[in-house]
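If you read the sequences in order, they're chains A and B.
Letter by letter, the first sequence follows residues 263 to 427 in this note's numbering.
Letter by letter, the second sequence follows residues 329 to 1149 in this note's numbering.
Simulated from the structure, these hints should not be mistaken for laboratory data.
Glycine included, each C-beta is placed from N, C-alpha and C at the ideal position.
Please note that the accuracy of each hint is not assured.
Said to hold, decoys possible - No more than 30 angstroms apart at the CA atoms, straight line, and that leaves these computed lysine-lysine pairs for DSSO-like:
id, chain 1, residue 1, chain 2, residue 2
1, B, Lys542, A, Lys397
2, B, Lys416, B, Lys389
3, A, Lys422, B, Lys389
To be verified - Selected chain B positions facing chain A (Cβ under 8 angstroms, derived; list incomplete):
id, residue
4, Pro427
5, Pro431
6, Val432
7, Thr511
8, Tyr539
9, Arg540
10, Trp546
11, Arg742
Said to hold, decoys possible - Beta-carbon label-pair distances, calculated as ranges:
id, chain 1, residue 1, chain 2, residue 2, range
12, B, Pro1065, A, Thr419, 50 to 58 angstroms
13, B, Glu501, A, Asp340, 49 to 57 angstroms
14, A, Asp340, B, Arg612, 38 to 46 angstroms
15, A, Tyr290, B, Gly571, 42 to 50 angstroms
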Amino acid sequence: MANMLTAIAKGLGTTLRVMFKPKVTLEYPEVKKPRSQRFRGRHELRIYENGLEMCVGCELCQVACPAHAITVIAAENDPNNPRSPGERYGYKYQVDLLRCIFCGYCEEACPTECLHLTQEFELAAFSREALVYQKEQLLARAPSHFKVPENVYPPYTGRKVLVAE
Amino acid sequence: MSQELVTVTIDGRTVQVPKGTLLVEAAKQVGIHIPVFCYHPKLDPAGLCRMCLVQVEKMPKPVTACTTPVTDGMVVHTQTQLVSDLRKGVLEFLLLNHPLDCPVCDKGGECDLQDLTFAYGAGTSRLVDPKEHKPKAVDLGPFIVLDEERCILCRRCVRYDHEVACETQLVVEERGHHNLIATAKGQPYEHHFTGNVIDLCPVGALTSELYRFKARPWDLVKVPAICTGCSVGCSVELHFRHGRLLRVIPRDNPATDGGWLCDRGRFQYQYVQSEERLTQPLVRRNGELVPVSWSEALDEVARRFRAIREQHGGEALGVIGGGRLTLEEAYLLQKLARAALGTGNVDHRVSGQVVAGLSQFPGRIADLSEADTYLLVDCLPLETAPVLDIRIRRGLERRRARLVAIGSVLPRYRVRHGRIGVRPGETAAVLRALAAALAGAKELPALPAGVDPETIRELVALLDKGQKIAVLWDGRDPATGRTLLEALRALQGRPGSRSIHLLIPGEQPMSRGAAYMGLLPGYLPGYKPVTLAQVQETLRRLWGLRQLPGKGLDTAGMLAAAAEGRLKGLYLVGANLALTWPDGDLVRKALAQAEFVVVQDLFLTETARMADVVLPAAPFTAKAGHYANLDGLVQAVAQPAQSPGGAQTDLAIFGALARTLGLEWKTGVGEIAREWQALGLKVAEGALLPGAPADLLGPAAEPAAAGTATVRAQDGELILVPVDRLYAGGGTLAFDPGMARVANRPEAYFHPEDLRRLGLAEGDPVTLSAGEAAVDLVARAAAEVIPGTVQVPRGLPQAPVNRFGGAAAVRVTRRVAEVKA
Ligand code: SF4
Ligand code: SF4
Ligand code: SF4
Ligand code: SF4
Ligand code: FES
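Can you build the whole structure from these sequences, using the hints too?
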């Protein structure tokens, strides 16, 4: 009998103690847990401050990816309507977020600092296809602070002809 | 290089190599890698880049390993601090003005500059000044994009162009850091072998227009294959990404390509995935070709062929084609004709060539690299088997060999050579005179007008001097073939020893293999005459037949019979006769008259449009099997690179057709190999197929009849000579989007004198006409055209020269420019 009473008292004691401790449960989705600066969420393709895409379609992110989640197909820029500085741009860009293990290797591999993993982690969807993100979904909305490195990627003026003597 | 051996010690490893071996090569043998940029084993050493500097004991300064031949007792160090510093320094200089735009550079991932910088370079740059900028994305030629900034001036491209292609179009302009790669006159870089500079360029300065930005080397699935562009059969590697063929590169095969490809072999691959490829069988219903299922199409073919056979006998059926197929497919096609359709009317020849390889004077492609005398008879190797021409050019440029060309078409070489130009049909007369002169006759037979007997004597003297004589002939005119053999036998009989090698570039990539597999009337597989009782017996047992059909008709015979209504059913496999057969009218009449025509091809060709059933065949990328090239060399393709898609491989179609005809045939590659074994045919990688018997050239005609001009031109007329051009033709080339830029335009080539005499200028629109036939072309002057003749490319879809039915006397009229609306 005494045993039982001490057990109840102990239990109630725990309840009382916890009641006055600070709350840890968050009212998700209204309230979100702060994430680390280096959190690795959904991918984003940044754009230069002048609005050109930073991706040059080099495929280095694709080859770095241990999960084979990325597919890049490059193409030649239209000099009258360039998508990126230089000759080449990422014509097709896909990330299969179901394959991705969010290791961040792709970000590390990117030579133009275009690709980075954002804070966004709410990546649920109703179909598998919907989780293969296309370039339009991955492109950043707003320009970044990066400037075009014109010495490496001079503006593409199209094919040149050989100069005659 | 002598066979004397010298001993050299490299980094403590001792090796014996033939005297004269270069240090880089000797190091390779002991597994020591000396980094190089400008050195290439197939080019002459140049010593330009200094990347290969090594230290040699007793030599005061470091030496370039790519230009230093080893000497006995040489002691070499490649791993010292000094060498390492030198490499670092060389790379720093090379990278000074290098744009380092690897992410957008097509070479990234297979770039020597990347790899060697990674291995030997400094980690950072000390450059503070701005880099020198040069033009990027320059269109160097139809297939090549040049980035001047990335060029490290190794001059491999320029040296290749001089030493191998023997074209001297590429040059280096300006000086020092301002050096630029350019062409001599600023003209586009254009000849038949430009693509090779892409492979040679160690950096991303020269890249392929068609492959530009399509993939990275690590994406590519690489499948070894054999090029089916012409009868040389170069070894290639096909590179696929996402199932699409993106580029073709050579695999060095000393027996065929020697490491080089022609531009057609390298760049003509997009047809494989062309939107216009047939993917469904078509059957004619109410005059229209409509898509149907495979079983429906095959049922229709089987039903109609069977009906014709029952009504008119097997002789009323004919099979033409097979010169583009594998050996397995060619074998099965003739078996299908003989055993399933019961007809002896089979022939692979579709363009008027009679033989593609003779058993006499057998020659190998490699012989061209050692020959000291070339005799070209009516043959343009550059246009029909381009890679052969690389060996010939080199032989001429290096003064190793001399060349004489005889015929109604003459090649163009920069080096002085002998030429005997005649009218079509007269070549045999020249050769007869040559044969007589070689046999020691005092009095030469009559020579065609304009040929001096003295020329023949000079030719005899030249041939007498030759130790190794390579003869190339186009295999078309049987009389020329017979007299050529006569002349070669007479040459063989002369005092002194010499070897003679005859090569006949095939009209189709696998002409020689198809002939050997029995796609010839009167010859069973292995060139066994159909009349041979013993072979008949073997085949009857093997194929389970009571009766083997006898000697049937050849292509000309079949077409004539069909035009007259005697031949009711035609099965054309990979044969676009409407464009390739010398007499286009006959083809049209034959196809219209025949009751039932089946065409099996990749595309809806001119011929397929006239068919009753069209069966879609798969391209070479979907096939495994064996190919035989022009010297009879058998090469295997072990694995198909692609699935056939909606089309089927020819092998699968023949098998399915046999089964639809109610035959229990097993038609796998293995079963066919067993049949070959039973027939005593040796077909395996590396085997050499024998050449055709000379009877194919027909019986010797009356000397008076053969060898005279086939046509005579009246006043104001020229003699039309159909001529081979690499980029003409309506087959795969016409359906290849990548080739449109170089495809031959409808042009007529005149001798400049004739052009002037006719009051025409370069670029004038002209009409050639003879009787009913007329073809519109653009006039061009070409010095190699024989005066009195006009050359027009064979097989141009826009201007089919076969309207004239071969060589003809044509009237040339200037077309009044059409009024543009
Ligand atoms: S985060 Fe890692 S797994 Fe995900 S795409 Fe990038 S490299 Fe691949
Ligand atoms: S690594 Fe960067 S620049 Fe290259 S393809 Fe990926 S995102 Fe684009
Ligand atoms: S040539 Fe080589 S080093 Fe230069 S940009 Fe291209 S890949 Fe990079
Ligand atoms: S273009 Fe390429 S091959 Fe030619 S010199 Fe420059 S680096 Fe060498
Ligand atoms: S490789 Fe020896 S100098 Fe270039």
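Results for each hint:
Simply put, B:Lys542 and A:Lys397 have alpha-carbon atoms about 17 angstroms apart, close enough for the 30 angstroms limit, and the pair holds. Of the pairs offered as hints, the one joining B:Lys416 and B:Lys389 holds, with about 17 angstroms between alpha carbons and a cut-off of 30 angstroms not exceeded. Distance restraint check for A:Lys422 and B:Lys389: the Cα-Cα separation of roughly 43 angstroms exceeds the 30 angstroms cut-off, and the hinted pair is therefore not satisfied. Taking 8 angstroms as the C-beta cut-off, the interface hint given for B:Pro427 holds, the closest approach to chain A being about 7 angstroms.
At about 4 angstroms, the closest approach between the beta carbon of B:Pro431 and any beta carbon in chain A falls short of 8 angstroms, and the interface hint on this residue holds. Here the hint on B:Val432 is kept, as its CB sits about 4 angstroms from the closest CB of chain A, short of 8 angstroms. Taking 8 angstroms as the C-beta contact cut-off toward chain A, the hint placing B:Thr511 at the interface holds, the least distance being around 6 angstroms. Interface restraint check: B:Tyr539 against chain A, minimum CB-CB distance 11 angstroms, threshold 8 angstroms, status violated.
The beta carbon of B:Arg540 comes within 6 angstroms of a beta carbon in chain A, closer than 8 angstroms, and the hint placing it at the interface holds. For B:Trp546, the interface hint holds, since its Cβ comes within 8 angstroms of a Cβ in chain A; the closest pair sits about 6 angstroms apart. Hint on B:Arg742 is violated. Least Cβ distance to chain A is approximately 21 angstroms, over the 8 angstroms limit. With their beta carbons about 25 angstroms apart, B:Pro1065 and A:Thr419 fall outside the hinted range of 50 to 58 angstroms.
Taking the beta carbon of each, B:Glu501 and A:Asp340 are about 30 angstroms apart, not inside 49 to 57 angstroms as hinted. Checked against the hint of 38 to 46 angstroms, the pair A:Asp340 and B:Arg612 passes, with Cβ atoms roughly 44 angstroms apart. Separated by about 44 angstroms at the C-beta atoms, A:Tyr290 and B:Gly571 satisfy the suggested range of 42 to 50 angstroms.
Checked against the numbered hints given earlier, the structure breaks hints 3, 8, 11, 12 and 13 and satisfies all the rest.
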